[in-house]
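Engineer: Taking the hints into account, I'd like the entire structure generated from these sequences.
Chains as they are written, first to last, in my numbering: chain B, 1 to 304; chain R, 1 to 325; chain C, 1 to 300.
It is possible that part of the hints are untrue.
Example chain B residues on the side facing chain C (calculated, C-beta under 10 angstroms, incomplete) [what the hints assert, rightly or not]:
no., residue
1, Leu-22
2, Glu-46
3, Val-67
Cut-off 25 angstroms, straight-line C-alpha distance, at most; resulting in silico cross-link-like pairs (SDA-like, lysine to any residue) [said to hold, decoys possible]:
no., chain 1, residue 1, chain 2, residue 2
4, R, Lys-119, B, Glu-216
5, R, Lys-119, B, Ile-219
6, B, Lys-301, R, Arg-118
7, B, Lys-301, B, Arg-28
8, B, Lys-301, B, Arg-220
9, B, Lys-301, R, Glu-152
10, B, Lys-301, R, Phe-149
11, B, Lys-301, B, Asn-288
12, R, Lys-304, R, Gly-43
13, R, Lys-119, B, Asp-214
14, R, Lys-119, R, Arg-72
15, B, Lys-301, R, Arg-106
16, R, Lys-119, R, Glu-152
17, B, Lys-301, C, Leu-114
18, B, Lys-301, R, Arg-243
19, B, Lys-301, B, Ser-232
20, C, Lys-189, C, Leu-114
21, B, Lys-301, R, Asn-144
22, B, Lys-301, B, Ile-228
23, B, Lys-301, R, Met-98
24, R, Lys-119, B, Arg-65
25, B, Lys-301, R, Arg-72
26, B, Lys-301, R, Arg-105
27, B, Lys-301, R, Thr-99
28, R, Lys-119, R, Phe-146
29, R, Lys-304, R, Val-237
30, B, Lys-301, R, Pro-142
31, R, Lys-119, B, Ser-215
32, R, Lys-304, R, Thr-12
33, R, Lys-119, B, Arg-220
34, B, Lys-301, C, Asp-140
35, B, Lys-301, B, Gly-11
Derived from the structure by calculation, the hints contain no laboratory data. We treat Cβ as the ideally placed atom computed from N, Cα and C, and that holds for glycine.
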Amino acid sequence: MLRYTVLRLLGAVPTLLLLVTLAFFLIRAAPGGPFDAEKALPPEIEANLRAAYHLDEPLVQQFVRYVGNLTRGDFGPSFQYRDYTVTELIATGLPVSFRLGLAAMLLAVLGGVAAGTFAAMRRNRPADHAVMAMAMTGISIPNFVLAPVLILLFAVHLGWLPAGGLGGPAHMVLPVIALALPQIAWIARITRGSMTEVLSSDFIRAARAKGLSDSEVVIRHALRPAMIPVVSYLGPATAAVLTGSVVVEEIFGLPGIGRYFVQGALNRDYTLVMGVVVFYGAVIIALNFLVDLGYAVLDPKVRY
Amino acid sequence: MALLDVRDLSVTFSDHHGRRRVVDGLSYSLDAGGSLAIVGESGSGKTQSALALMGLCGPTADVGGSVRLDGRELLGLPWPALQQIRGQRIAMVFQDPMTSLNPYRRIGGQMTEMLTLRKGLSADAARTECLEMLEAVQIGDPSNRFTQFPHELSGGIRQRVMIAIALLGRPDLLVADEPTTALDVTVQAQILRLLADLRRAMGMATLLITHDLGLVAGLCDEVLVMYAGRPAEQGPVDDVFARSLHPYTRGLLHSVPRLGRDPGRAPPARLQAITGSPPAAGDAGPGCAFAPRCAYRFGPCDEKQPEFAAVAGSRRVACHLESPP
Amino acid sequence: MPGAVPGPLAGEDAIENAAQGGLFRDAARRLRANRAARASALILIALTVLVIVGPWLSPHAYDATDWDAISQPPTLAGQHYFGTDPLGRDLFSRTLVGGRISLLVGIAATLVSLLIGVTWGATAGYLGGRADHVMMRIVDILYALPFMFFVILLMVLFGRHLVLIFLAIGAINWLDMARIVRGQTLALKHREFVEAAEAMGASRRRVLRRHILPNLVGVVAVYATLTVPQVILVESFLSFLGLGVQEPMTSWGALVNEGAEQMESAPWMLIFPALFLSVTLFCFNFLGDGLRDALDPRSD
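Structural biologist: So this is what it looks like as structure tokens:
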């Protein structure tokens, strides 16, 4: 187990390096620079600026410097917010994004597994068809459509919940739902499929023969094997939630990492955009690693 | 009063292809402590007829007729009532111990749950009882087995565990569905021996489901032969073996290899196979389902299904030869 | 093609084609029996026709300002069926024109991902061994990258060009396709008719083209149908962020963005494009599901 963990961690290094390399050279290959907006910069000032950001060094040297800084958790200075480093900006947005993302993932897994299990237990009956039709609707409505519709309905018309901004738990309800709903739908579909298969296996019939009730059979015997495909979906789900959080933070005016990312993208703040790409990339890679360890927890036959 | 009284049991599966009746007109009764073997080829409906007793045929099945346990009707019983019957009144040992144990859970949890959930035992008391039961089915080092996963055990040990689980509820009736089919030949004999001993020790009734007539003699007093979902012949094992009334039973007996251990009876010159193959369940025409393969077929066989009628003493048979229409 | 003998290969094609014909006939029958999938297909056809023909029939150009109707709610009388935006532009025309872009991007980018994914997957699966291992390892590594962020990065860096959108989206969606096609190819490789063709001396290229690729049609069709809505979603996402098509041209994502900004004063600006986008995604997903069920012989 320890050996596998170490190997797997080492295996993540090339992926991370590829991520950084791709991002770095893409940015350097882009036409135009970060100081284009301020057109009338005198040449000597621009030269000073370039020197300050090490843009006058050879490309390879810049790359090595960047990677070296990254290993110390330093994403470099922001081009746009001159007084802040990218690390500081990410650290400012992280608590908001982390809370939002974690709540959405928890809701997605709990809601999706519950809905999928419910459908599988009533396979081919009206309740099953209803849940699956709702799931199909859920995966077909993108979060950036869902979010404004939720605001229109629950904040503007009904006035039950705040439309945006930071605040108490009530402020998080709509953003979390907007972010989680498509993932609830995906996880419900995956769970229904795997649960249906598990429920038809011999050991489920044997458990019923012991006198266990439907819910006991599901909770004690079926849930664990049925969760394996759900766990392997957690990687893509995290990627989708992180991506979705970009628009959801924007729509609800939450000062998270995604909002900085969008602002950075629109302002050509290269270091900020790249910092977020690398950071979220690392989060996704880390989660995929946890997913692999998760298999070992769920399936006793998987031993590393 | 008989412990188990099955009357005109039928199991029908319906899907978008139509309806298939896999068990039809099955009746038998079993006394407390008695033993009955239901014998048939695969697809003869024997397994479904056993699952039907406990309401385990699945949501797509339609079960008809009557199943009475101590005079109480089981068919149509609500789930909570069935949960008190399953495991505690009727327990089941399944065919394949590889797939009938949950591969994701340790043996201990799979054993104790029935005692803690249905019988309200404390975790400690359940554990003690389970360890005793593992001893009873002759599994060495029970406390170690307790923490193992099914894939860490051999097939024979797994089937012993399944038997131990079935016996935990002290059932009045043990249903064993092909309990040795998935096992090595040497292990088969041990498991059968164990089942016979336990039956005697615990005084429970046994319903053995098998395709192998050879197993029946050592374990059961009574035998019921099924063909294409319907009963063909029933009677005490010795009588049926000595003089079978249904041509299908005779065919089955001739296809069992024996090593001259019956000096009183001349062994058949050679093993005989029954020609042809059984119809898919539910495909039978108006006549006797066995007629197309039967060497004694005559007029009424193709026109009318024979009644499953009582003949000489305690025997019953469904054949126009024995009870002409 | 040294060693290839044209003669005996004709027969083996005939057998295989017959088997495929049966498979596809069954699938077509199952698909027709699936009411949800059939309705989805009809809606998609109707939507496509509407999106292509509609803007010509509409009395208002998508980028023309009607000074008498600024932010007008939907009416039949003024012929602004979906209302107008704050610039007095007809939302009906804009929704349909935006639909052209969304569908065009959806289909074009799917074709790009199809081309890369099928080639990559079929080659890896067919070659097997080391080549397969290396090729699929590359797919694994790429899988771990946060692709949406890369596309955003690309858009930011290289401008918001329609062709670039096709390429970028197509290039990120080929990974799943490559994996699925590789799996299918591996399975097919060991089927009798492929081994027979190889035994008869057909070259690798010929086996790949004549035998493997045609048999992938089913799974590729399913996956392509399910990729189109994903791609439309990505394009809408980019347009929503203001990184997609540029004014006055529009797409459903851009319209939803404008609608979200005006939703309190002009909710129709949000509702109509949102509805078109969601219904389209819904129908493609349903059709893809139906196709998958139809091509799966076990589902019968």
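Engineer: Against each hint, give a clear statement of whether it holds in the structure.
Structural biologist: These are the hints, each one checked on the structure:
| no. | hint | verdict |
| --- | --- | --- |
| 1 | Leu-22 | holds (7 angstroms) |
| 2 | Glu-46 | violated (20 angstroms) |
| 3 | Val-67 | violated (17 angstroms) |
| 4 | R:Lys-119 with B:Glu-216 | holds (14 angstroms) |
| 5 | R:Lys-119 with B:Ile-219 | holds (19 angstroms) |
| 6 | B:Lys-301 with R:Arg-118 | violated (29 angstroms) |
| 7 | B:Lys-301 with B:Arg-28 | violated (48 angstroms) |
| 8 | B:Lys-301 with B:Arg-220 | holds (18 angstroms) |
| 9 | B:Lys-301 with R:Glu-152 | holds (9 angstroms) |
| 10 | B:Lys-301 with R:Phe-149 | holds (9 angstroms) |
| 11 | B:Lys-301 with B:Asn-288 | holds (20 angstroms) |
| 12 | R:Lys-304 with R:Gly-43 | holds (22 angstroms) |
| 13 | R:Lys-119 with B:Asp-214 | holds (17 angstroms) |
| 14 | R:Lys-119 with R:Arg-72 | holds (21 angstroms) |
| 15 | B:Lys-301 with R:Arg-106 | holds (12 angstroms) |
| 16 | R:Lys-119 with R:Glu-152 | violated (29 angstroms) |
| 17 | B:Lys-301 with C:Leu-114 | violated (36 angstroms) |
| 18 | B:Lys-301 with R:Arg-243 | violated (52 angstroms) |
| 19 | B:Lys-301 with B:Ser-232 | holds (16 angstroms) |
| 20 | C:Lys-189 with C:Leu-114 | holds (20 angstroms) |
| 21 | B:Lys-301 with R:Asn-144 | holds (18 angstroms) |
| 22 | B:Lys-301 with B:Ile-228 | holds (13 angstroms) |
| 23 | B:Lys-301 with R:Met-98 | holds (14 angstroms) |
| 24 | R:Lys-119 with B:Arg-65 | violated (69 angstroms) |
| 25 | B:Lys-301 with R:Arg-72 | violated (44 angstroms) |
| 26 | B:Lys-301 with R:Arg-105 | holds (11 angstroms) |
| 27 | B:Lys-301 with R:Thr-99 | holds (14 angstroms) |
| 28 | R:Lys-119 with R:Phe-146 | holds (20 angstroms) |
| 29 | R:Lys-304 with R:Val-237 | violated (28 angstroms) |
| 30 | B:Lys-301 with R:Pro-142 | holds (21 angstroms) |
| 31 | R:Lys-119 with B:Ser-215 | holds (17 angstroms) |
| 32 | R:Lys-304 with R:Thr-12 | holds (21 angstroms) |
| 33 | R:Lys-119 with B:Arg-220 | holds (17 angstroms) |
| 34 | B:Lys-301 with C:Asp-140 | holds (24 angstroms) |
| 35 | B:Lys-301 with B:Gly-11 | holds (23 angstroms) |
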